[in-house]
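Fit chain P to the supplied structure of chain W, relying on the hints for placement.
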Amino acid sequence: MSKMALVVDDSASMRQMVSYTLQSAGFEVIEGSDGKDALGKVSGKSVNLVVTDLNMPVMDGITLIRELRKISSFKFTPILMLTTESQDAKKQEGKSAGATGWMVKPFNPEQLLQVVSKVVP
Amino acid sequence: MEIDLNRFRAAFYEEAVEHLESMEAALLQLENSGEDRELLNTIFRAAHSIKGASSTFGIDQVARFTHVLENLLDRMREGEVLPTAELCELLLKATDVLAGLIQAEKNQTEIPEQVESVFHALQQYSSECAPSQHSTHPVPAIDPAASCQTWHIRFQPSPTFFHFGQNPLFMLDELQKLSQSFHSVANLSKLPSLSRLDPESCCMGWDIELTTSSPKHVIQDVFMFVDDDSSPAIELISHPETKTDDGISTQSGPPIRVSEPVSSDSITQPETRPSSGNTNGGPGASGERRSGDDRRSENSPPTKESSGPTSAAGSHETVRVDRERLDKMINQIGELVIGTSMVEQDWQRFHPDMESSALVQLGKIVRDLQEMSLSLRMVPIAATFQKMARIVRDLSHRLGKQVRFETEGEETELDKTVVDQIGDPLLHMVRNSVDHGIETPEERAAAGKSPEGVVCLRAYHQGGNFIIEIEDDGKGLDRDRILRKAIERGIVSESDNLSDEDIFGLIFSAGFSTAEQVTDVSGRGVGMDVVRRNVEALQGSISIRSVKGKGCRMIVRLPLTLAILDGLLVRVASDSYVIPLLSVVESIKPTSNGIQKVLARGEVITLRGEIVPLLRLDRILNLRQSCRENNDDLLVIVEDQGRKYSLAVDELLGQQQVVIKNLEANFQKVPGVAGATILGDGRVALILDINGLCGLATRSSAAADHSLSADQPIIAAEHHAV
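Line by line, the protein sequences give chains W and P.
Just so you know, our numbering puts 78 at position 78 of the first sequence, and the rest follows in order with no gaps.
Just so you know, our numbering puts 301 at position 301 of the second sequence, and the rest follows in order with no gaps.
If we strip away everything but chain W, and leave its shape as in the complex, we get (with noise of 0.2 Å):
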């Protein structure tokens, strides 16, 4: 059974990459467009990694990170966050809701997979 993650983001083309690379690397993907799409599709289930955007419609990273946490099979899966540089405040509040790291935009995939190690060895 390989490992499965979730990856968010409103934007399909950062989202297939996120996903390809994952995929690549063995990871089973599950996709949201934003943190609510999210939510619904793994509610009963759990990830072994999270990747999600931050700035995103009807429900943004941050929140979607504080809405996980509070779910038991989510209390300690790994959650990477995308950002920018000029969000520190942001990666702040994310890292306060409960994130575990971070990737700042932009990225390779290379660089995914380094930080994606960190979290899921």
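Watch out, some of these pointers could steer you wrong.
When the alpha-carbon atoms are kept at most 20 Å apart in a straight line, the in silico EDC-like pairs for lysine to aspartate or glutamate are as follows [unchecked claim]:
| no. | chain 1 | residue 1 | chain 2 | residue 2 |
| --- | --- | --- | --- | --- |
| 1 | W | K91 | P | D502 |
| 2 | P | K548 | P | D502 |
| 3 | W | K90 | P | D229 |
| 4 | P | K550 | P | D435 |
| 5 | P | K485 | P | E501 |
| 6 | W | K91 | P | E469 |
| 7 | W | K91 | P | D221 |
| 8 | W | K95 | P | E80 |
| 9 | W | K95 | P | E110 |
| 10 | P | K177 | P | E209 |
| 11 | W | K90 | P | E38 |
| 12 | W | K90 | P | D575 |
| 13 | W | K90 | P | D74 |
| 14 | W | K91 | P | D229 |
| 15 | W | K90 | P | D227 |
| 16 | W | K90 | P | D228 |
| 17 | W | K70 | P | D327 |
| 18 | W | K70 | P | E200 |
| 19 | W | K95 | P | E209 |
| 20 | W | K91 | P | D74 |
| 21 | P | K449 | P | E471 |
| 22 | W | K36 | P | E38 |
| 23 | W | K91 | P | D228 |
| 24 | W | K95 | P | E501 |
| 25 | W | K90 | P | E80 |
| 26 | P | K548 | P | D478 |
| 27 | W | K75 | P | D227 |
| 28 | P | K485 | P | D496 |
| 29 | P | K177 | W | E110 |
| 30 | P | K416 | P | D478 |
| 31 | W | K75 | P | D198 |
| 32 | W | K95 | P | E471 |
| 33 | W | K75 | P | D74 |
According to the in silico footprint, chain W covers these stretches of chain P (three or more CB under 8 Å from chain W) [said to hold, decoys possible]:
| no. | segment |
| --- | --- |
| 34 | 177 to 189 |
| 35 | 362 to 372 |
| 36 | 442 to 455 |
Label-pair ranges, simulated between beta-carbon atoms [as the list claims (entries may be wrong)]:
| no. | chain 1 | residue 1 | chain 2 | residue 2 | range |
| --- | --- | --- | --- | --- | --- |
| 37 | P | E664 | W | A89 | 52 to 62 Å |
| 38 | W | S96 | P | Q462 | 56 to 66 Å |
| 39 | P | P199 | W | I71 | 13 to 23 Å |
| 40 | W | A89 | P | Q462 | 47 to 57 Å |
Rather than coming from a laboratory, the hints here were simulated on the basis of the structure.
Glycine is no exception: its CB is placed at the ideal position from the N, C-alpha and C atoms.
The following block gives chain P in isolation, referenced to the frame of chain W:
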């Protein structure tokens, strides 16, 4: 692992267009509403998304541009820069430039000229000149030339450490991999008695001593996600190689008591971690990581419920499908419909008295399927209308007019192909309304109207048609001037008795333009005749209603889909033809003396007092085999652009829904023929293009008649006399 980022570019280009559209729409709203946080957020998010993706995929020009744009938008969001009209104008221009830039990247064409000027204007506003940083996240690189150093690390994670999805053992593993020698001692001083142990809080710490050639920042990177209150103290103990000349490291650190890697410590993490739903897996023995292939699968004990990426929630999802594939499928389903009706006909032939309920069932399913497949291509007209909002805005500004743009029925759905092709004609009509229809505020005031003009786009379904109306409350069409101009240009003659609608229709004639001066806006060499041709190419039609001084309404009538057509199947000589049912008014059997020949005008019939030209299909289509020229001719009365024509046919075969096959794609354009279809019995029937046919007949009739009268110098009226 090498992953080619170019594969994601197509998706990027597609979503970028959507982002730009939402940005533009929000900007237009912002302009009217003034400050609105929600709108600013929408605009910001769009720019932010484009920037994030473009920089990731290495589309540097776009990334650089959106970076400045994003900065400015961020400041607007924070209320530091106010959305003045001037700024909105600039931002709208920026979306245009960005669209051009993305287009240029996509097609590998030249970058639009304005990029730099708009870029600098944005920069000035945002007052931040830092270009986008393309340097990415630092990659720890081990410099082989660096000397080995020994470090002491005290790592005491905070009790809440696990609640951030952290696992200290991963970090120890990573440290170990960096080092030539690695020793760690677990600090159990904070470990409570078993009864008071909270498995969810972290109460262990570690003292680590490692010798590595990696610089300090690489060690710090291991703990990059560790919060300040858990962050390790990293101290340099020795520089062995700088201290001794012979290169032998002198290890003089604190005592080393445990020489085992930490992961095989007596107290390992899994026991202290809750097992409920944690699919992270225990740290287990240290081993190689990095690449996905050799990740140990036993590292992730799955929970029962994680069964796969199937979405349980009934969320509204969309799937993007390549249009070509969709068209292929719809085409195949069309074939399936034909195939089914072939089977039905065969069945009837062999079992004339038996009904096959299975066949009936199959037929129903297939037709449902076809209906469903056609609905896949239906999209709302909203996006097209949206574009017009921008046109109206820009144009009215430029012309110094006040125009309010309204839309109705944006949600009305229409075939995607039609939507794509109606954009240009619509654009032209809207431009025309603003440019020629709506008056300047002074003129309006003088005419007793409110200074603000209204241009309204309306969409709705009527029967099997999709109707778009472009209405303005401007000065309306000037009937007399149009007539004068048309006579001047030789389009009509003074003696013609024309109805108002005929006269208004003249503005769609080739080479007709009444604008006193060709303006920058409408005088682009694309006349209204092109509009009509485009609409007709979509099997649609345009009519105009106008009251001088009150306004003008253009009504565009379009088929809902281009894929199927309700047709009247007729036989002419030995061939079958399909006449679009929309054009058919009635079918009649003329009385023997009903057909009259008019000199230089071809044949006509008198239908309830109305003179209707008669078109003989065999002659127009140059059929070798003529239809019987007797008085039993059946006539199908068709209407095109408000004019009636009668078509002589040999037999009416029935009404049928046919799947249109494009003739041009497989052969070439044939005047008078809109396409072809395959009938239930497998034969091909041509679908007649009534408009083209009428044009063909009108153009050729005079010439044909000339030759006819030369050959047969008889008085035309006598020819059919009893």
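The hints, checked one at a time:
With a C-alpha separation of about 67 Å, the suggested pair W/K91 and P/D502 falls outside the 20 Å cut-off, and the hint is violated. Simply put, P/K548 and P/D502 have alpha-carbon atoms about 16 Å apart, close enough for the 20 Å limit, and the pair holds. A hinted pair counts as satisfied when its Cα atoms are at most 20 Å apart, and W/K90 with P/D229 qualifies at roughly 19 Å. Among the hinted pairs, P/K550 with P/D435 is consistent with the structure: their alpha-carbon atoms are about 16 Å apart, no more than 20 Å.
Between P/K485 and P/E501, the direct Cα distance comes to roughly 16 Å. Compliance with the 20 Å bound is thereby established for this hinted pair. At most 20 Å may separate the alpha-carbon atoms for a hinted pair to count; W/K91 and P/E469 exceed this at roughly 50 Å. Our distance criterion of 20 Å between C-alpha atoms is met by W/K91 and P/D221, whose separation comes to about 17 Å. Distance hint between W/K95 and P/E80 is unfulfilled; the C-alpha atoms sit about 27 Å from each other, more than 20 Å.
For the suggested pair W/K95 and P/E110, the alpha carbons sit about 43 Å apart, so the restraint of at most 20 Å is broken. A hinted pair counts as satisfied when its Cα atoms are at most 20 Å apart, and P/K177 with P/E209 qualifies at roughly 13 Å. The suggested pairing of W/K90 with P/E38 holds, with an alpha-carbon distance near 18 Å, which does not exceed 20 Å. The suggested pairing of W/K90 with P/D575 is violated, with an alpha-carbon distance near 73 Å, which exceeds 20 Å.
Straight-line distance between C-alpha atoms of W/K90 and P/D74 comes to about 13 Å, which keeps the hinted pair within the 20 Å bound. For the hint linking W/K91 to P/D229, the alpha-carbon distance of about 16 Å falls within 20 Å, and the restraint holds. Among the hinted pairs, W/K90 with P/D227 is consistent with the structure: their alpha-carbon atoms are about 15 Å apart, no more than 20 Å. A C-alpha spacing of about 17 Å is found between W/K90 and P/D228, which places the hinted pair at or below 20 Å, so the restraint holds.
Restraint check: the Cα-Cα separation between W/K70 and P/D327 comes to about 46 Å, which exceeds 20 Å; the hinted pair is violated. For the hint linking W/K70 to P/E200, the alpha-carbon distance of about 14 Å falls within 20 Å, and the restraint holds. Taking the CA atoms of W/K95 and P/E209, the gap is near 29 Å; set against the 20 Å cutoff, the hint is violated. At roughly 16 Å between alpha-carbon atoms, W/K91 and P/D74 fall within 20 Å of each other, so this suggested pair holds.
With a C-alpha separation of about 16 Å, the suggested pairing of P/K449 with P/E471 holds against the 20 Å cut-off. A hinted pair counts as satisfied when its Cα atoms are at most 20 Å apart, and W/K36 with P/E38 qualifies at roughly 18 Å. Distance restraint check for W/K91 and P/D228: the Cα-Cα separation of roughly 14 Å lies within the 20 Å cut-off, and the hinted pair is therefore satisfied. For the proposed pair W/K95 and P/E501, the alpha carbon gap of about 69 Å is over 20 Å, so the pair is violated.
For the hint pairing W/K90 with P/E80, the CA-to-CA distance comes to about 19 Å; that is within 20 Å, so the pair holds. Proximity of P/K548 to P/D478 is assessed by CA-CA distance (about 6 Å); at most 20 Å being required, the pair is judged to hold. The hinted pair formed by W/K75 and P/D227 meets the criterion: a straight-line CA distance of about 17 Å does not exceed 20 Å. In summary, the hint linking P/K485 to P/D496 is supported, as the alpha carbons are separated by about 14 Å, within the 20 Å threshold.
Proximity of P/K177 to W/E110 is assessed by CA-CA distance (about 19 Å); at most 20 Å being required, the pair is judged to hold. Restraint check: the Cα-Cα separation between P/K416 and P/D478 comes to about 36 Å, which exceeds 20 Å; the hinted pair is violated. Distance restraint check for W/K75 and P/D198: the Cα-Cα separation of roughly 15 Å lies within the 20 Å cut-off, and the hinted pair is therefore satisfied. For the given pair, W/K95 sits about 55 Å from P/E471 by alpha-carbon distance, which is inconsistent with the 20 Å threshold.
About 33 Å separates the Cα atoms of W/K75 and P/D74, which puts this hinted pair outside 20 Å; it is violated. As drawn, the segment 177 to 189 of chain P meets chain W at 0 residues by the rule of a beta-carbon pair under 8 Å; below three, the given contact is violated. Check on the segment 362 to 372 of chain P: 0 of its residues sit with their Cβ under 8 Å from a Cβ of chain W, so the three-residue criterion for coverage is violated. Counting residues of the segment 442 to 455 of chain P whose CB lies closer than 8 Å to any CB of chain W gives 0, so the stated coverage by that chain is violated, three being the minimum.
Look at P/E664 against W/A89: about 58 Å separates their beta carbons, and that is inside 52 to 62 Å. For the pair W/S96 and P/Q462, the beta carbons lie near 58 Å from each other, so the given range of 56 to 66 Å is met. Under the hint 13 to 23 Å, the C-beta atoms of P/P199 and W/I71, about 18 Å apart, fit the expected range. Look at W/A89 against P/Q462: about 54 Å separates their beta carbons, and that is inside 47 to 57 Å.
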